[in-house]
Structure formats: structure tokens, C-alpha cells
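Engineer: Next come the chains, spelled out residue by residue.
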Amino acid sequence: MFHWLEKHPFFFAVGVFIAIAFAGLIEILPNFAQASRPVIGTAPYSTLELAGRHVYIKNSCNACHSQLVRPFKSETDRYGHYSLSGEYAYDRPFLWGSKRTGPDLMRVGNYRTTDWHENHMKDPHSVVPGSIMPAYKWLFTNKADIDTVYAEQLTVAQHFSVPYNQDVPMRDGSVKNVKMAQSLSEAHEIALEEAKAVAVDMKDQDVKDAVSRGEIPEIVALIAYMNSLK
Amino acid sequence: MENRPLEYDYTIAKMFMLTTIVLGIVGMLIGVILAFQLAFPGLNLILGDNLAEYTNFSRLRPLHTDAVIFGFTLSGVFATWYYVGQRVLKVSMAESKLLMTIGKLHFWLYLAVVAAAVFSLFAGVTTSKEYAEFEWPIDIGVVVVWVLFGMSMFGLIGIRREKSLYISVWYYIATFLGIAMLYLFNNMEIPTMFATSPAGETGIGAWYHSVSMYAGTNDALVQWWYGHNAVAFGFTVPIVAMIYYFLPKESGQAIYSYKLSLLSFWGLMFVYLWAGGHHLLYSTVPDWMQTMGSIFSIILILPSWGSAINMLLTMKGEWQQVAASPLIKFMILASTFYMFSTLEGPIQAIKSVNAIAHFTDWIVGHVHDGVLGWVGFMIMAALYHMAPRVFKREIYSKAIMTAQFWIQTLGVVLYFTSMWIAGITQGMMWRAHDEFGNLAYSFIDTVTVLHPYYAIRGVGGLLYLVGFLMFAYNIYKTMSSRPVEERELQSASPMGA
Amino acid sequence: MNKLYLWGIIVVAIMFGATAYTLVLTGGGNKSLTDILSGDIVNALAITGAAALVVITVFVVIKYVRQMQVDSATGDLADENWDGIGEYKNSLPTGWAVMFLLTMVWGMWYWTIGYPVNAYSQIGEYNEDTAVHNAKFEAKYKDITGDRLVEMGESVFLAECKVCHGINADGIDGKAANLNHRIDAASVKHVIENGSNNKLLGFEMPMPDRNGLMNANSGYAPITDAEIELVSRFVANGMTGEGAEVFAGTCVMCHGADGMGVDSMGPNISKFDTVLVTNVLTHGKKGMIGVMPKFDRLNDKQKEAVGAYITNISK
Ligand code: HEM
Ligand code: HEM
Ligand SMILES: [Ca+2]
Ligand SMILES: [Ca+2]
Ligand SMILES: [Cu+2]
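Protein chains in written order, with this note's numbering: chain H, 1 to 230; chain Y, 231 to 727; chain V, 728 to 1042.
Heads up, some of the hints might be wrong.
What the hints assert, rightly or not - What the simulated footprint calls covered on chain Y by chain H, stretch by stretch (three residues with Cβ under 8 Å from a Cβ of chain H suffice, anywhere in the stretch; the number is not a length):
(1) 282-294
(2) 336-350
(3) 357-365
(4) 422-433
(5) 487-499
Hints in this document: simulated from the structure, not taken from any laboratory.
Keep in mind that this is a model prediction, so the values were computed, not measured.
We treat Cβ as the ideally placed atom computed from N, Cα and C, and that holds for glycine.
Isolated chain H, as found in the complex (with noise of 0.2 Å):
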């Protein structure tokens, strides 16, 4: 049978094909419907935390960073409670990462600050000694790109019945409702209210400044995400 395949490429093709698709198919298809339910307490990305997840991809911290607490004592012990699958129901990417050259960032929001991650973007060595992590002084300056996020935020509500402005339940028994604008002036009004709260608590005038002018440094979104990994 080998021979005769060897001798018409274009079955030998098909013979291929059904081997290495055949695969796919079974390990695949069966996690689809499970996965994707959300589990109680996780809420689609407000419009300046996904922004900041877009900064967070366009820098690739994903390259460093990971984000996947495995169900280890150790990990446990240092990132908190082990990841489960509904957590990242709205993860579109999702970025666990295969390579920790920096902490796990799953649950950062629990335990780092505004202030600290101001920091510590604009110079890792000088909080944490030994940091081999690059400063990200860019940030501080370039602005955030609201309009992609508004984008982003009415193609999954579109296609993937992402629950914004609907009410989600959180684990302390409460609803959360996750605004989305109905124009992309609103959007940015949204974003920029999210970035007033977050440029209070931090600490470099000009990034202060630029917000209450109305613009929203890179840097601002990026903490809002950060904060939001819980």
C-alpha cells in the first residue's frame, strides 16, 4: 500500500492530512463549550483595562511574564489561589506565557500597587535591586489607543455575547455592571474617568497633568490593568 501511495502524490497527500488532522479533532473540539463559561467573579475588561492589556501585549510582557498560577503549594503560597478555566472566559488572546523570566502577573492586583508599579515601570532596578526587567520610561509619554480598545470592546460584545452593560455576579454576592459606550466620544469619556481614579493614587506629575488635560498616557491604562489581575 506504501508504494502505491508513493507513487500518487496526491493520495499520499490525503493520507497525510487524515493522520495529522485526525489529532486536532478528538484532543480539541471536546474543552470548546466547556471552557468558555465564565466563573462567578470575572467580568469583562473595562474600556482603560483592556487598554492597558493591549499596551501589555504590545510590549510583549507576555514574552517575560506569566499568567497561569499552577495548583502547586509554592505557587499558591506565592501568587494565590491556583487558576481556574472560567477566569479567563473574556481572554481573547489569552497570555499564560511559557516563559517566566519575570513572576507570574494572574493575581498582581492583589498584591502591588499603583505607586509601586509607577516605580517600577520607569526604573525595575531601583525598587527591586537585581531586576533584569527593562524600564519602560515610553509609556509614560505615549498615549493610549482608546479607539482600537472601543473596537475590540463592540466586536465581542457583537460576536462572542460579551456581557457589557449587563449585570455579572461577583463572588461577594454582588453585581457588577461593566460599562460600554454607545459612541466612541462616551468611550473615551469612560476611559477617562477610569484614569482619573488610578492617576490619583500615582505619583509623576506629568502623567497627573496629561490626565487632568484630558489625555491618557500608555502607563495609566497599563496600572488599570495590572490592578484589575485579581
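For chain H, the structure is supplied; the task is to place chains Y and V with the ligands on it using the hints.
Structural biologist: Showing chains Y and V with the ligands alone in chain H's frame:
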């Protein structure tokens, strides 16, 4: 007419040889920079504070991986296909104008896509998925290039004189199909510019931005089904295609066993795809899928080793050739590193071992055993074999080649031993608890301890790069040195001083 | 002996050496190799895997290289030939074929029997491991006090707190609180001017801002800028120097004489104590310097220990 030997047309092979070398230098240079940035973070500012956004580790890392995978390795795959394909199918590209046109289009479009990719990654336009960073406009370019590659491959197969397909061709076909399937499914994404706001606005935001069709755990599953098999169909299958041609050809030996070739091939095809779960051990992917990944990784040792053993046995009784020819040394060592990394991978795929290895430099070490020792060595060997034949000149210098071989071997050894130490140390330090049951180390302790190993890795990488530059120089001089006689060379490549 | 074997042994020895060296690094110099391996089965398995990897690869490759040296190629050639490359019709290497078959059988067995019968669950494993771990250490540290408690606190501090407070707990140039002494003048001033609401007493009990702070010495007039300056330095200096009167007139009611705190009224502002630190760790704190996160993942004993440690270093 009929009796004249075939004149193979290497125009396109030559073009891709050039990009193999250029993109190899670029990709590895960035690799060396990355390595030293982790040892000496000041190098994030290598071009000053103002350009740090573009020269820092995180912006450069995807450039390294994509340059070496989609630049260096793929170019090497294309270059060798346009050489090997004609010869084992006994048909010349020159026989079909159409094929020549498709081939040229294939090359130029490839170059355009590479340029776009480099530009976009520098700009920070990425989807973050490893080895699938490109946004949708570039994805489309990639797909077109791939379709052209397929047309040119199946076109050549269509007009072949040799009825039966040689082993290398099996692997090239598998490369084409595998990557096509994987790339398409992992890049399912919706461009966000099509969204309409309730206020009626459209075309909002960056036109190239997209959002993945899959979320969270599902996205991870698809990504690592892709990521693992991108290794399979980028770093393994086409490289096996190369060694099945270049080793017997260069040494003049017949393949040791057809049966072994056959079982290794079909075994590899069937088993590889199942093993992707080993990238997701202890994640939120269901236990049974992880277990599947581990089991199949173990089974995968055998079809992988099958090809390597077949190659080593092909050289049975030919030690004098190994000793005399640096070109054959490259290929023998490549097989050895292939065996090493295809045993290392399965061992790291055992859940308890992965608990230590995952997220650490031990994985990076494993990666580079494979890519430096196996992929890099094999591609260079292939180009060394091709050069005297496509340029009709003997290889400029055997001495450079020998020196290069030892320098690079030392480089690989420094790379993987340092990452071995770094990875296992870090993995164990993360887990350590002290006498009170508290974590024994804060994270930064586990970073600073690695400094010497990061520095050693940098040196190893630098040696490898130096060797690669020697290779580039040797090929360049081969192109421009005195022509040898105009007769078809059979096996061993002629080498100068 | 053939040179190859010598090389093989050298390579294996180097990799074994490298692997053993990781244990030295991991132990930080104060743990023996066997401790590290026997304390954690995962460590032992990883090291074993690494060792097996080197040994198997090196000696299998040497086996085939020996065949290059001493054997010679034989067999029936197939009729076909591609670009001059022939193929022998040799049968499969037996060792390889047997291993392939065995792994496949093992895979089928593991998948259909081994794995389901075990009913393995990684979360189940985690729960067991954690219970064992906690039981082991709880027995050990439940009753420790005094210097041992401080030592334990130092271990928590170095793993969790030094990222912000610095390895010497000096707050890294004002980036977090300097824990070597109770409080800086700037922070006191900030609290007086703006009040404070950080559950430092363990429950909500805000300190009023300057409009609510009257000085008894000046007929209960709101505290003045000059008085704030004075009393801030007084507090920061460890309740010494000028400003004692302002303190007595304004603060004593809540913070007690010497600032040692008054139950349910005001926290100790002259010294750190375990209760105060525990409250900070439980509720977090927002002040002039910045925001201190709360630390849910530390257990009560760990909080107590780190409290003892801070009390100790700030003496
Ligand atoms: C039998 C064959 C192989 C198996 C079972 C295998 C297994 C593995 C495992 C378990 C990981 C680590 C996943 C993690 O914990 O993060 C890994 C990573 C990797 N391997 Fe292999 N490996 C094999 C062969 C190879 C070869 C030959 C190469 C290259 C030439 C290679 C390249 C890679 C790369 C690039 C990664 C890194 C993926 C990432 O970015 O995380 N592997 N492999
Ligand atoms: C001059 C030689 C090279 C050096 C110094 C080098 C260095 C590096 C460094 C420093 C990293 C990042 C590791 C980390 O994040 O900790 C890396 C990643 C990577 N390199 Fe290289 N590299 C070299 C050559 C190559 C070649 C030739 C290839 C492929 C053909 C390659 C493929 C990769 C891949 C796939 C990764 C990602 C690994 C992962 O995510 O686990 N490298 N390299
Ligand atoms: Ca990776
Ligand atoms: Ca893409
Ligand atoms: Cu893999």
C-alpha cells in the same frame, strides 16, 4: 536531446539561499543581543534611551523567534526544496515557464511579507501568540506565499519523471500540509474595524487590529496545538527531509533501511499532533488532555529516533568520511542533537518533570539544542552541499569550515549547559520552602542567581553567531572564487584550502 | 578502551556535575543535597529525568558511531534510486522496533487502564499536598515565640515584603514606608492634614483631618500649621523634642501618653507592634507614600511573625 543530462535550474534556490543567510544573521544577532540583555539589562538601551522602545528585550524577542523561524529556517526549507525537489523528481524548473514564474513570485512575495512582518513587530503590532504574532493582513500574505509554495511544489511533482516519491519529498509534502492546516486554524481572528457602534460609527481604531476567535483555555489549546506542531512541521519534518537527501548524497551511501524510513515517517505523522498538550501541563486544560500530551510525547521518541538512527546507520563503516569531512560532521552532530532534543522533550513532558521545567530556562535550553544543534547545523550543511553545485565552484575553504564546526559546537554546548543549570536551579528554587514552611526565596533571588549562566549563554550564542558569519563568508567567497570544472559533481563536495 | 567511550563518560560527568551544582545553588548553601531531593519528590524526578536523558543519548549515539568505525554497510539495494541515492532493504533495527511496540502498548494501557483507574486529578493532588504541607509546618511553628518567631518573620519579610520595603526595610528612598522606625514626619503631617482611614485598629475608625483636631492648650482652636510642623517632628522623633505640648493637647486623647495607643481609640504611633502590623497586612493601607496592599495569602501565624520581626527591627 533525450540523452543529454538534465540541466537543473537553481535560480530560485539561489535566491532563497541568500535570504537564509541574511535572515539567519539578523535573527541570530538579535538572539545574541537578547541573551546579553538578560545578563546585562543596561543593553536594553543599546541604541540609547530614545530608541529603547524598539531595542528592549520584550520588543526584540518576537523578532528573534520569527526571524529565525519564518526567515532563516523557512528560507532554508524553500532553498533546499528548490534544489532537492528537481533532483529527486528528475525534472528541471526550466522545463515549465509557469513553474518558474510561480517560483519567482513565491520568492518576491515572501520577501515582501518578511519586510512587513519585521516592520510590524518593531512597531509593536502583535497578537502575542508565540510564533503566530502577526496580525491578519500579514496572515493573508503568509497564506498567499504558502499557496504559491504549494503550487510550485505540486506543480513540480505533477511533471516529474521519477514516478516514485523519494523520502525527502514525503517530508516536504507533510511540511506543506501541516503548516497550512495549523496556521489557518490558529489565526482565526476577527478584524475589529468591521464593528459598528450604536451611534453608527464604523472603521474605528487601528485597521490591522483583530481579536482572536477563541478565548482563554480554548485559545491556549489551539495555540499550543499550533505551537507544538509548528516545531514539528517547521523544525523537524523539513529538516528530516534535508538530512534524508544531503547525508546519503554527500557521503555516497545508500539509505540504511527503507522500512525504517517508512515507519518513522508515518509514525511521526500520526503521533506528533497529539503531543501538543505537553505545553499546557498543570494548566486549566482538562487532565485527560494533558495526560494525552504526556503519553504521546513518550511514544514520539521512537519515530523521531527512527530517522536519526537511520541516518547514523547510513554512515555505517564510513568513519573515515566523518573524520575527513566537516560537512558530514555537521550532519552527524545534527542527528545527535536531534536525538538529544527528542529525548529531552519527552522527559520534560512528564508531568512531574514539567512541574520543574515549565516556565524556566531549561525549556529555552531544550529549544536551542534543537534549533542550534539540529536545525542550524543541518541547514548550513545543506547550503554547503548545494553551493559548489549551484555556483559550480568548489567550497572556498575547508579550514574555515572545520574551525566553524568546532566553534559552533562549543557555542551550542555552552548554551545548553548554562540553560540546563539555570533552568533546573530556578525551577527548584521556586518550589523551595524553608524550615518554617514559608517560601524560601523571593522571586528576585531566583533571578539574580542566574546572572552567570545568562552571561555564559550569551558567550555561547556569540560563538554560534561568529561561526555563522564564517559560514556566510565562506559561501560568499565560494560564489566569487575560481570556477571548478563544468561537470556534474557526484557525492563529496569539493573543498578548497 | 575506545576514545569514544572516554568522551561519552566525560560528557556524562560534566552534565552530572552541572546537575549536582543546581542542587548547591538551590539550597543556598544551607541545605544538603539529599535534603533537597528527598524533601520534594518532584525535584527527585526531575533530576532523575535529566540524568537519564544524558546517559541514554550519549551511549546510544556512541553505539551507532562505533558501527561507523567498525561495521560495514551491507544489504540488498532496492531497484529504485533517486539522484543517485539508493536504499537498502534492511529490516528494522530490533531494539528500535521493540521499543516502539512497547511504548505503543504502554500508551494504550496507560490511556485505557492506568490513567482512568488512578482517577488522577491535579487539583486533588494539590489539595493533598497542601494539607500535608500545612500539617507538617503547623506542628512545627504553631508554638514558636521570641527569637524564633522573629526569625520566621524575617523569612516572610524577605520573600514577600522586600520588593517594596527593601532588603533592609528602609523603604527604598521613600518608595514605601521605612520600617526601621515607626513613622516619618512627612507621613504624620499628611495624616494630620488629611485624616486617615485605614482600619489600623482592625475596624473602621477614622482619624479626623485637621479641621477635626483641636488643641486643648489653645482653647480648642483647630490645629495650626506651625503646630502641625512641631508635632509631626515630635512624633517622628520617637516622641521626643519640641511639640510635646501640642501632642498632649491634641493627640493624647486618642493615642495615649507617649503615643502608645488607646484601645479602640487610636493606634500606637510611637512603636510598631504586632497588632498594628497584622492590621496593616489584613486591610492594607493608603497613605502619603502610597498604597500598601493587603496580604490575604499569609496565614495568621505568618502575620504575627512578620509583626514580631518589624517590631524587632524598629526598636
Ligand atoms: C519528541 C520530540 C519532542 C518533544 C516530546 C518535545 C517536548 C517539549 C516540551 C515538553 C516542551 C516544553 C513545554 C513547556 O513546558 O513549556 C517543549 C518546548 C519546546 N520545544 Fe520541544 N520537544 C520535542 C522536540 C523538539 C525539537 C526537535 C525542537 C526543535 C528543533 C523542539 C523545539 C521546542 C520549542 C521551540 C519549544 C518552546 C515552546 C515554547 O515557546 O514554549 N522540540 N518541547
Ligand atoms: C546565535 C544564536 C542564538 C542565540 C544567542 C539565541 C538566544 C535566544 C534567547 C536569549 C532567547 C530568549 C529566551 C528567553 O526568553 O529567556 C531565544 C528564544 C528563542 N530562540 Fe534563539 N537564539 C539563537 C539562535 C536561534 C536559532 C538559530 C533559532 C531557530 C532556528 C532560535 C529559536 C528560538 C526560539 C524558538 C525561541 C523561543 C523559545 C521559547 O519561547 O521557549 N534561536 N533565543
Ligand atoms: Ca516560549
Ligand atoms: Ca495572526
Ligand atoms: Cu511541543
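Engineer: Hints first: check each against the structure and report whether it holds.
Structural biologist: Verification of the supplied hints:
Residues of the stretch 282-294 of chain Y with a Cβ under 8 Å from some Cβ of chain H number 8, which satisfies the need for three, so the listed coverage holds. With 0 residues carrying a beta carbon less than 8 Å from a beta carbon of chain H, the stretch 336-350 of chain Y misses the three-residue requirement, and the given coverage is violated. For the stretch 357-365 of chain Y, the assignment as covered by chain H holds, since 4 residues bring a beta-carbon within under 8 Å of that chain's beta-carbons and 3 suffice. Remark: the stretch 422-433 of chain Y is confirmed as covered by chain H, as 9 of its residues place a Cβ nearer than 8 Å to a Cβ of that chain, reaching the required three.
Only when three residues or more bring their CB closer than 8 Å to a CB of chain H does the claim for the stretch 487-499 of chain Y stand; here the count is 3, and the claim holds.
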